[in-house]
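4 protein chains.
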Amino acid sequence: AASVVAPKYTSIKPLGDRVLVKIKEAEEKTLGGILLPSTAQSKPQGGEVVAVGEGRTIGKNKIDITVPTGAQIIYSKYAGTEVEFNDVKHLILKEDDIVGILETEDIKDLKPLNDRVFIKVAEAEEKTAGGLLLTETTKEKPSIGTVIAVGPGSLDEEGKITPLPVSTGSTVLYSKYAGNDFKGKDGSNYIALRASDVMAILS
Amino acid sequence: AASVVAPKYTSIKPLGDRVLVKIKEAEEKTLGGILLPSTAQSKPQGGEVVAVGEGRTIGKNKIDITVPTGAQIIYSKYAGTEVEFNDVKHLILKEDDIVGILETEDIKDLKPLNDRVFIKVAEAEEKTAGGLLLTETTKEKPSIGTVIAVGPGSLDEEGKITPLPVSTGSTVLYSKYAGNDFKGKDGSNYIALRASDVMAILS
Amino acid sequence: AASVVAPKYTSIKPLGDRVLVKIKEAEEKTLGGILLPSTAQSKPQGGEVVAVGEGRTIGKNKIDITVPTGAQIIYSKYAGTEVEFNDVKHLILKEDDIVGILETEDIKDLKPLNDRVFIKVAEAEEKTAGGLLLTETTKEKPSIGTVIAVGPGSLDEEGKITPLPVSTGSTVLYSKYAGNDFKGKDGSNYIALRASDVMAILS
Amino acid sequence: AASVVAPKYTSIKPLGDRVLVKIKEAEEKTLGGILLPSTAQSKPQGGEVVAVGEGRTIGKNKIDITVPTGAQIIYSKYAGTEVEFNDVKHLILKEDDIVGILETEDIKDLKPLNDRVFIKVAEAEEKTAGGLLLTETTKEKPSIGTVIAVGPGSLDEEGKITPLPVSTGSTVLYSKYAGNDFKGKDGSNYIALRASDVMAILS
Chain A
1 AASVVAPKYT SIKPLGDRVL VKIKEAEEKT LGGILLPSTA QSKPQGGEVV
51 AVGEGRTIGK NKIDITVPTG AQIIYSKYAG TEVEFNDVKH LILKEDDIVG
101 ILETEDIKDL KPLNDRVFIK VAEAEEKTAG GLLLTETTKE KPSIGTVIAV
151 GPGSLDEEGK ITPLPVSTGS TVLYSKYAGN DFKGKDGSNY IALRASDVMA
201 ILS
Chain B
1 AASVVAPKYT SIKPLGDRVL VKIKEAEEKT LGGILLPSTA QSKPQGGEVV
51 AVGEGRTIGK NKIDITVPTG AQIIYSKYAG TEVEFNDVKH LILKEDDIVG
101 ILETEDIKDL KPLNDRVFIK VAEAEEKTAG GLLLTETTKE KPSIGTVIAV
151 GPGSLDEEGK ITPLPVSTGS TVLYSKYAGN DFKGKDGSNY IALRASDVMA
201 ILS
Chain C
1 AASVVAPKYT SIKPLGDRVL VKIKEAEEKT LGGILLPSTA QSKPQGGEVV
51 AVGEGRTIGK NKIDITVPTG AQIIYSKYAG TEVEFNDVKH LILKEDDIVG
101 ILETEDIKDL KPLNDRVFIK VAEAEEKTAG GLLLTETTKE KPSIGTVIAV
151 GPGSLDEEGK ITPLPVSTGS TVLYSKYAGN DFKGKDGSNY IALRASDVMA
201 ILS
Chain D
1 AASVVAPKYT SIKPLGDRVL VKIKEAEEKT LGGILLPSTA QSKPQGGEVV
51 AVGEGRTIGK NKIDITVPTG AQIIYSKYAG TEVEFNDVKH LILKEDDIVG
101 ILETEDIKDL KPLNDRVFIK VAEAEEKTAG GLLLTETTKE KPSIGTVIAV
151 GPGSLDEEGK ITPLPVSTGS TVLYSKYAGN DFKGKDGSNY IALRASDVMA
201 ILS
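Chains as they are written, first to last, in this note's numbering: chain A, 1 to 203; chain B, 1 to 203; chain C, 1 to 203; chain D, 1 to 203.
What the hints contain is simulated information worked out from the structure, not anything from laboratory work. Please note: incorrect hints may appear among the correct ones.
Stated by the list, open to error - Restraint ranges, calculated between C-beta atoms of paired labels, are given here: (1) C/64 x D/163: 43 to 51 Å; (2) D/68 x B/11: 34 to 42 Å; (3) D/77 x C/88: 48 to 56 Å.
Just so you know, even glycine gets a beta-carbon here, dropped at the ideal spot from N, CA and C.
Input sequences plus hints: build the corresponding full structure.
Laid out in structure tokens, this is it:
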């Protein structure tokens with residue numbers, strides 16, 4: 001059960017590379033307009049950043065939190081620690097568990113963070129052009145989709161940002177077991193994953 | 001069974017980052033004034049430092065033992081190797097397994113070592129203000145408490161000490177599975193844990 | 001099942017240290033001229049490099065892909081991810097999973113890559129000279145063979161190549177569990193393995 | 001079964017940090033003069049170094065093999081790979097698996113290598129002075145013994161040797177699960193272990 005922070009406390013200041021998120025309960029259920037049966041109901045994954053930690057140091061470099069307070073964010077499914085504060089469910093989360101910033105009500109507008117890319121999964125009929133060949137391979141089947149947004153890049157040891165090798169608009173092959181799946185308002189499927197899980201660019 | 005050091009030996013000199021501790025058997029049972037049933041009896045965790053090793057080297061830096069001989073210390077529950085010397089039970093212990101120095105008979109006065117913080121666990125009634133909400137989350141429930149003492153800080157690779165981001169007097173959220181639990185003379189609960197297990201500061 | 005890349009895509013550009021390989025299906029079965037029963041049938045392990053990634057950076061050094069497009073290669077048995085493109089089975093593969101380049105139809109001409117060496121396994125009769133001694137040892141039994149080709153060498157952190165300590169023509173002792181086995185046209189056995197799995201040179 | 005190196009080969013040149021050892025079969029059984037029942041029979045652990053590899057490089061430093069060809073050595077029980085060469089059982093061994101050099105027929109004269117120390121286990125009666133106290137501790141019981149020889153020291157990353165903190169003649173406490181046990185000609189017990197497994201010096 002979530003532990004309860006007694007009302008006399010007015011603020012929670014997360015430490016290090018953590019952020020405090022007020023969970024957006026209600027709207028989630030209708031995210032993407034489809035009421036999923038409770039079993040498959042995707043756990044609430046959205047909320048507002050209400051406080052950020054002081055960041056962390058890698059070697060000699062101090063790295064601040066890049067997400068501003070007040071940002072509406074989407075985070076990885078099983079991340080964070082739940083806390084109830086002023087009768088509202090909050091989550092204490094590592095910054096790296098934030099998938100992206102969402103300024104609208106439709107997931108398609110997600111702005112991925114760090115080294116993540118956001119992909120619109122190719123429509124079913126494209127995938128079965130020519131039909132699926134059942135080869136004896138047990139190898140992991142890659143999926144196809146279009147990159148609709150990319151993060152700023154990944155941090156190296158000295159805190160320098162290296163831009164991602166993938167750009168918006170490219171059609172890509174990716175390993176679908178690595179990402180966070182989402183359903184858009186118009187019913188189409190999206191996936192957010194790390195750039196290193198994108199295998200190739202189709203053109 | 002503890003091995004026995006024959007009486008003809010007059011001293012034991014621990015090596016490297018080890019210390020030799022004379023275990024304080026009797027007083028333990030009444031530590032905090034409550035006689036626990038033997039099963040739940042907290043193993044003896046206190047004693048006096050009778051000898052220290054020459055310290056260790058990290059890279060080019062020689063790092064001495066910070067605990068002086070004669071100090072009364074509290075150590076982690078399952079740490080060390082038992083030795084009987086002059087018919088008294090001793091323990092050979094790594095310095096990092098020492099939780100703190102205790103100069104009084106009440107655990108509340110514990111002075112934590114290295115990167116550890118000492119927390120007084122919030123009284124029960126504070127925690128159930130508003131009642132516990134049973135959410136379907138299986139996430140680990142953090143606890144609340146007040147920091148009553150902090151260690152000097154943690155050593156980096158070059159042996160430099162970085163002060164802790166937590167200070168005495170703050171009310172904090174922490175993950176309770178990481179610490180060493182103690183009961184004070186007045187029956188209140190205390191926990192000693194690493195600063196990195198403190199998640200947030202409440203104010 | 002291999003996923004299908006819809007016909008409207010004309011090219012697949014692999015990312016990072018990956019290469020795209022068109023799998024050579026048919027010829028595999030007669031590689032080495034012996035039709036293996038399908039169970040023991042060695043999985044197809046050959047093909048043509050049709051596209052290469054932009055390489056990777058180790059620390060500050062950019063390391064390009066050393067295999068040119070168009071090269072006929074042999075790769076490790078369970079490596080890569082299968083993709084069907086223009087109705088032909090392709091594989092997306094990490095460069096390090098390529099065993100060597102094969103410009104003829106007989107495996108004996110394999111040119112090993114990176115830190116790999118290619119060995120012709122000593123004929124059976126040589127091995128039983130004097131009969132096998134069944135010692136109570138359960139230690140791993142090394143095998144004997146002749147080095148017929150060596151790779152350019154292994155890359156260190158700065159991308160510098162260190163030549164291998166083994167040269168063509170030497171007879172060597174190696175641990176046989178580490179390699180990829182092949183059968184040549186003339187029925188003799190070959191093995192490709194990392195230089196570090198070669199234990200000694202016989203002379 | 002040990003693999004057999006056909007007679008036409010006249011020499012085996014180990015690679016890297018490996019050495020080739022001719023196993024001393026017969027004498028082993030009477031090492032220390034007691035015929036152990038075959039089950040407890042200590043596996044042969046002695047032999048003569050007949051060839052050494054070219055050494056290895058750590059970072060920029062080339063580190064040669066310190067053991068000369070012709071040296072009589074004792075090695076760790078389950079180390080190495082067995083090879084039969086000219087009808088004599090040999091072993092290919094990593095240098096670090098060599099416990100020490102033995103120039104006489106009695107194990108007590110063992111000269112430990114690298115960071116190892118050689119200890120004569122304290123006689124039984126010394127250990128039970130005052131009787132064994134059966135405390136409820138499940139902690140690992142240390143043993144007592146006298147250091148009769150120490151290795152030159154351990155190599156750091158730059159190949160520099162740091163002398164060991166233990167010297168010959170000291171009585172020490174050590175964790176007995178870490179060593180290689182031996183029985184001397186006079187029936188007394190010896191143990192070779194790494195200096196880091198010596199916990200304290202008794203005086």
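Going through the hints against the structure:
1. C/64 x D/163: 43 to 51 Å: Once the Cβ atoms are compared, 46 Å apart, the range 43 to 51 Å for residue 163 of chain D and residue 64 of chain C holds.
2. D/68 x B/11: 34 to 42 Å: About 40 Å separates the Cβ atoms of residue 68 of chain D and residue 11 of chain B, which means 34 to 42 Å holds.
3. D/77 x C/88: 48 to 56 Å: Holds - the Cβ-Cβ distance for residue 77 of chain D and residue 88 of chain C, about 55 Å, lies within 48 to 56 Å.
Every hint, counting from the list given before, is met by this structure.
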